[in-house]
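Residue numbers (the working numbering), protein chains in the order written: chain U, 1 to 389; chain V, 1 to 291; chain W, 1 to 238.
Honestly, the hints are just simulated from the structure, not real lab data. Just so you know, not all the hints are guaranteed correct.
As the list claims (entries may be wrong) - DEER-style ranges, computed between Cβ atoms: (1) U:Ala38 with V:Val258: 55 to 63 Å; (2) W:Asp134 with U:Val193: 51 to 59 Å; (3) V:Leu160 with U:Ala155: 42 to 50 Å; (4) V:Leu79 with W:Ala229: 23 to 31 Å; (5) V:Ser121 with U:Ala38: 50 to 58 Å; (6) V:Leu79 with W:Glu226: 42 to 50 Å; (7) V:Leu5 with U:Leu168: 54 to 62 Å; (8) V:Leu79 with U:Val193: 55 to 63 Å; (9) V:Leu71 with U:Ala327: 55 to 63 Å; (10) V:Pro123 with U:Ile292: 42 to 50 Å.
Each residue gets a CB set at the ideal place from its N, CA and C atoms; glycine is no exception.
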Amino acid sequence: MTSSVISAARRAVRNLRADPVRLVNTVVVVVALVAAVALPLFSDPARVGVAFVALVYAYRNFTWNIAGGYCGQLSLAHASAFGIGAFSVAVLTWVHGVNPWLSMLVGVLLSVILGAAVSLLMSRLGVNAFFFALGTLALTAALHGVAASWNVVGATNGLQSTSDDEGLLHLQWFVDPTPFYYLALAFLVAVTVGTALMLKYTRFGRSLVFIREDSTVAASMGIPVVRHQAIAMALSMGLTAVGGALLAQFVQFASYESVLTVEIGVSMLLGTIVGGAGTLAGPIVGGIGIAIVEELLRGMEISSSNVGAYTQIIYGIIVIVLMRLGADGIVPMWNSGLRRLFAGRGGAAPAGRHRQDAGQSGERGHEGPARGVAAQATEEAALSRGRTH
Amino acid sequence: MNATLVQVTLTGLLQGLIYALIGLGLYLIFNVMRVVNFAHGHLVLVGMYGMLILEPRTFGDYLLGLVVMALVAAAIGYLIERFLIEPGLARPGHSQLVITLGLGIVLQYVFQVLFPEPFESIPNPYPWGEAFAAFGVTISMPRIAAGVASLVLGVLISILVYWTRAGSIIRACAESLSGAMHVGVNVRRTYRLTFALGAACAAVAGGLLLPIQPVSPILGLELTIKAFVVVVIGGSGSLWGTAVAGVILGVAEALGSVYAPGSLATSLVYALFFLIILLRPQGIARRVARA
Amino acid sequence: MLDVVHVAKRFGGLRILEDVSFRAEPAAVTALIGPNGAGKSTLVNIIGGVLKPDAGRLILDGRDITGVSAVQAFRLGIARTFQVSGNVAALNVFESVAVAAYRRARSYREANRLAQMELERFDLWQYRNECLGDVPTASMRLVDFARGMVSQPKVLLLDEVMAGLTPHEVDLVIERVRSCRDQGVAIVMIEHVMQAVQALADHVVVLNQGHIIASGSLAAVSRNPEVIAAYLGGPAVE
Numbered sequence: 001m002t003s004s005v006i007s008a009a010r011r012a013v014r015n016l017r018a019d020p021v022r023l024v025n026t027v028v029v030v031v032a033l034v035a036a037v038a039l040p041l042f043s044d045p046a047r048v049g050v051a052f053v054a055l056v057y058a059y060r061n062f063t064w065n066i067a068g069g070y071c072g073q074l075s076l077a078h079a080s081a082f083g084i085g086a087f088s089v090a091v092l093t094w095v096h097g098v099n100p101w102l103s104m105l106v107g108v109l110l111s112v113i114l115g116a117a118v119s120l121l122m123s124r125l126g127v128n129a130f131f132f133a134l135g136t137l138a139l140t141a142a143l144h145g146v147a148a149s150w151n152v153v154g155a156t157n158g159l160q161s162t163s164d165d166e167g168l169l170h171l172q173w174f175v176d177p178t179p180f181y182y183l184a185l186a187f188l189v190a191v192t193v194g195t196a197l198m199l200k201y202t203r204f205g206r207s208l209v210f211i212r213e214d215s216t217v218a219a220s221m222g223i224p225v226v227r228h229q230a231i232a233m234a235l236s237m238g239l240t241a242v243g244g245a246l247l248a249q250f251v252q253f254a255s256y257e258s259v260l261t262v263e264i265g266v267s268m269l270l271g272t273i274v275g276g277a278g279t280l281a282g283p284i285v286g287g288i289g290i291a292i293v294e295e296l297l298r299g300m301e302i303s304s305s306n307v308g309a310y311t312q313i314i315y316g317i318i319v320i321v322l323m324r325l326g327a328d329g330i331v332p333m334w335n336s337g338l339r340r341l342f343a344g345r346g347g348a349a350p351a352g353r354h355r356q357d358a359g360q361s362g363e364r365g366h367e368g369p370a371r372g373v374a375a376q377a378t379e380e381a382a383l384s385r386g387r388t389h
Numbered sequence: 001m002n003a004t005l006v007q008v009t010l011t012g013l014l015q016g017l018i019y020a021l022i023g024l025g026l027y028l029i030f031n032v033m034r035v036v037n038f039a040h041g042h043l044v045l046v047g048m049y050g051m052l053i054l055e056p057r058t059f060g061d062y063l064l065g066l067v068v069m070a071l072v073a074a075a076i077g078y079l080i081e082r083f084l085i086e087p088g089l090a091r092p093g094h095s096q097l098v099i100t101l102g103l104g105i106v107l108q109y110v111f112q113v114l115f116p117e118p119f120e121s122i123p124n125p126y127p128w129g130e131a132f133a134a135f136g137v138t139i140s141m142p143r144i145a146a147g148v149a150s151l152v153l154g155v156l157i158s159i160l161v162y163w164t165r166a167g168s169i170i171r172a173c174a175e176s177l178s179g180a181m182h183v184g185v186n187v188r189r190t191y192r193l194t195f196a197l198g199a200a201c202a203a204v205a206g207g208l209l210l211p212i213q214p215v216s217p218i219l220g221l222e223l224t225i226k227a228f229v230v231v232v233i234g235g236s237g238s239l240w241g242t243a244v245a246g247v248i249l250g251v252a253e254a255l256g257s258v259y260a261p262g263s264l265a266t267s268l269v270y271a272l273f274f275l276i277i278l279l280r281p282q283g284i285a286r287r288v289a290r291a
Numbered sequence: 001m002l003d004v005v006h007v008a009k010r011f012g013g014l015r016i017l018e019d020v021s022f023r024a025e026p027a028a029v030t031a032l033i034g035p036n037g038a039g040k041s042t043l044v045n046i047i048g049g050v051l052k053p054d055a056g057r058l059i060l061d062g063r064d065i066t067g068v069s070a071v072q073a074f075r076l077g078i079a080r081t082f083q084v085s086g087n088v089a090a091l092n093v094f095e096s097v098a099v100a101a102y103r104r105a106r107s108y109r110e111a112n113r114l115a116q117m118e119l120e121r122f123d124l125w126q127y128r129n130e131c132l133g134d135v136p137t138a139s140m141r142l143v144d145f146a147r148g149m150v151s152q153p154k155v156l157l158l159d160e161v162m163a164g165l166t167p168h169e170v171d172l173v174i175e176r177v178r179s180c181r182d183q184g185v186a187i188v189m190i191e192h193v194m195q196a197v198q199a200l201a202d203h204v205v206v207l208n209q210g211h212i213i214a215s216g217s218l219a220a221v222s223r224n225p226e227v228i229a230a231y232l233g234g235p236a237v238e
């Protein structure tokens with residue numbers, strides 16, 4: 001047993017030595033983890049609170065990425081999952097006294113069902129990314145409106161936590177946000193490691209990128225596309241709900257305008273793309289980036305109501321520029337920069353692109369309805385050759 | 001009670017005509033370019049906020065304002081198409097979706113920062129009185145004027161599309177891009193023209209909307225969704241499909257608001273839209289899938 | 001053994017395929033040839049389950065598989081090649097083969113082992129970390145073979161795999177097709193490159209405007225006046 005662990009470790013170290021890009025990235029991750037764990041020791045509670053929110057942003061971007069970045073399902077429904085997670089805790093725990101972990105579980109289950117249902121229903125239309133985005137947008141907007149009128153979730157006033165219970169069992173700490181911070185960090189690390197393992201070792205995980213790039217080819221390779229898409233959406237939405245529950249407990253408030261808006265959904269999408277969709281670190285970088293930008297703006301004495309607005313504007317512009325330039329996001333750009341650096345130095349980096357288990361190809365979806373002139377020319381040529389794909 | 005129902009229905013019908021105009025712009029963009037413009041509702045906002053800035057005091061000012069907004073929006077649409085969308089069309093992937101989504105968000109928050117006071121409107125610019133009352137129903141003048149103007153503009157655009165050479169080029173591109181290219185059509189120019197026209201429709205509709213409906217940045221997403229409702233219900237038939245669809249949407253929304261409080265009525269519209277996307281595989285969807 | 005029986009396909013008013021019937025024997029190469037626009041691609045898509053025929057049947061080893069989906073077709077033993085374009089070029093060579101291996105494999109280790117075996121057999125192991133788009137063209141086609149063969153299919157559909165290859169590369173791929181055939185697979189090959197058809201075809205089916213106008217050995221169909229007319233003085237054989 002120990003000998004196989006040792007040989008696996010030896011192999012891992014050998015792989016790292018052979019691949020400088022991976023080595024650098026591993027060092028960066030280790031340093032970041034150490035810094036993250038140590039952060040509360042060097043910060044006041046206010047800063048820890050901000051860091052907690054940053055982790056929630058990173059977490060929900062990451063969970064969106066499972067369906068959106070890896071599977072290519074550009075969903076705007078995840079805001080609904082986030083909201084369902086928050087409201088489950090708000091309604092079941094704050095109003096009815098149910099243990100918050102159980103409420104969270106209920107929120108997760110509801111989101112899983114919603115995710116699977118949306119995906120399966122949409123699959124009837126054929127996998128069309130634009131209508132998927134549109135439909136999920138309409139769904140979130142509809143739920144937003146329903147929440148605004150539904151007294152159970154507080155309608156326009158929202159719900160407030162009045163409970164006194166504290167501690168891990170009750171998922172609540174009043175004075176010091178540090179336990180919240182570590183809990184969020186634990187969830188983020190768990191979900192990252194879990195996703196990495198899933199993507200590498202399970203058939204489901206390995207099939208996602210094929211579904212994303214070309215679902216017809218995927219099906220012809222025996223991948224049950226519809227089923228896997230539904231699983232991806234269900235998993236992704238369910239995990240997102242956890243983020244909503246955590247945030248709700250921290251803020252002790254939840255309303256239709258604070259946890260279930262289309263803007264939250266768009267923010268998850270844009271934030272992930274800026275960081276790098278289809279990578280593990282991308283959504284995390286994107287999410288923490290949002291928090292950093294917000295902090296910087298606050299430091300520049302912009303009024304608090306505008307901080308969020310300016311952040312969104314900045315991220316929107318970055319995304320437009322990235323898409324316009326055909327670039328892939330911060331993490332993919334970092335990786336290709338590193339590769340160029342080491343290839344130029346005659347390092348041992350492989351000449352081609354790295355294994356796709358980290359999904360370096362960035363945000364791409366299946367052929368959409370938007371026709372380009374070039375694409376049309378190809379189609380035209382194809383038609384004249386008797387191909388009727 | 002009966003009079004109220006008639007009033008509500010008429011109000012919805014007139015509102016629906018405005019939705020039809022907005023949807024018309026999106027319909028053109030969508031059918032010619034197969035681009036799903038997530039920022040379309042925000043282009044309507046451009047018209048609304050633009051008119052707010054212009055602050056027309058007389059009817060003449062107002063008309064001038066509409067023309068100005070149409071031109072400004074057309075220019076904006078041209079720029080968007082030329083520099084943001086066109087380069088991405090030849091590439092695989094969904095950059096258009098993300099770009100227009102990002103654009104919408106940027107516009108929404110720019111408006112939020114520039115106009116922190118929500119729900120602003122302008123007074124009735126029409127010189128024909130405040131409202132029209134007959135047979136027990138009272139409808140505000142701006143609403144009647146906006147509905148009629150939308151209808152007239154819709155007819156004008158129909159004429160443009162079906163009776164002029166420029167329009168036939170647009171239709172050719174919409175039906176078969178390869179065929180159009182074969183005949184030597186300048187596709188890029190057509191795309192830019194179409195997007196500019198679509199943006200102008202949206203902005204003018206916004207200008208018409210402002211006296212009736214106070215403006216606020218969150219309207220952007222709502223109007224985008226409603227524009228899509230019109231396009232999807234209207235199907236890929238003639239332009240008149242959008243007119244009918246707009247009216248259906250307007251009346252449904254108005255009747256819904258009688259039986260359900262504010263936000264719930266809109267939610268019902270969105271939920272209905274979700275169902276329509278699912279249950280209507282032919283028409284728009286099939287064209288898109290085939291593309 | 002694959003039987004295509006009276007298959008027809010129409011798009012709108014267009015008759016793409018009409019009354020197409022042929023048999024693909026195991027351990028044999030059946031070549032589908034014909035001028036452009038003859039409907040060969042549509043036929044391959046129908047066999048592969050991507051399209052459903054409007055009429056006719058598909059029989060695999062005596063079992064009626066008409067109308068099955070692409071996923072089911074693969075599970076039943078029909079594998080096919082694809083032209084690499086656009087998005088697909090970003091996919092990883094090893095993963096492409098490994099995911100297909102799950103037809104036979106039950107676990108991660110097993111799938112990887114089968115993929116490795118197949119890649120080594122095709123001399124592609126050196127490319128295991130590359131993306132499909134970064135690999136030389138001939139090798140890219142072979143990756144498709146590997147992906148198909150790793151699932152141990154009954155039928156392998158080759159869609160113009162010789163296109164764009166140098167004569168030397170064509171010879172290499174011909175060798176590979178032979179070895180796949182010799183493993184007992186029924187190979188259905190759409191081809192324009194006559195060098196390959198000559199070398200490989202055990203049975204030739206000629207398609208023109210959606211109809212089969214001749215079938216038999218290559219020598220026999222080349223003498224058929226209708227075939228010659230269809231090609232308008234096409235490639236002379238012998």
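Evaluated hints:
Judged by the Cβ atoms, the range 55 to 63 Å given for Ala38 (chain U) and Val258 (chain V) holds: they are separated by roughly 60 Å. Range check, Asp134 (chain W) to Val193 (chain U): about 30 Å between beta-carbon atoms, so the 51 to 59 Å window is missed. For Leu160 (chain V) and Ala155 (chain U), the Cβ-Cβ distance of about 46 Å falls inside the hinted range of 42 to 50 Å, so the restraint holds. For Leu79 (chain V) paired with Ala229 (chain W), a C-beta distance near 56 Å fails the hint of 23 to 31 Å.
Range check, Ser121 (chain V) to Ala38 (chain U): about 54 Å between beta-carbon atoms, so the 50 to 58 Å window is met. In this structure the supplied range 42 to 50 Å is violated for Leu79 (chain V) paired with Glu226 (chain W), their Cβ-Cβ distance being about 58 Å. For Leu5 (chain V) and Leu168 (chain U), the hinted distance range of 54 to 62 Å is satisfied, since their beta carbons lie about 58 Å from each other. The hint said 55 to 63 Å for the Cβ distance between Leu79 (chain V) and Val193 (chain U), and at roughly 45 Å that hint is violated.
Under the hint 55 to 63 Å, the C-beta atoms of Leu71 (chain V) and Ala327 (chain U), about 34 Å apart, miss the expected range. About 45 Å separates the C-beta atoms of Pro123 (chain V) and Ile292 (chain U), a value consistent with the hinted range of 42 to 50 Å.
Checked against the numbered hints above, the structure violates hints 2, 4, 6, 8, 9; every other hint is satisfied.
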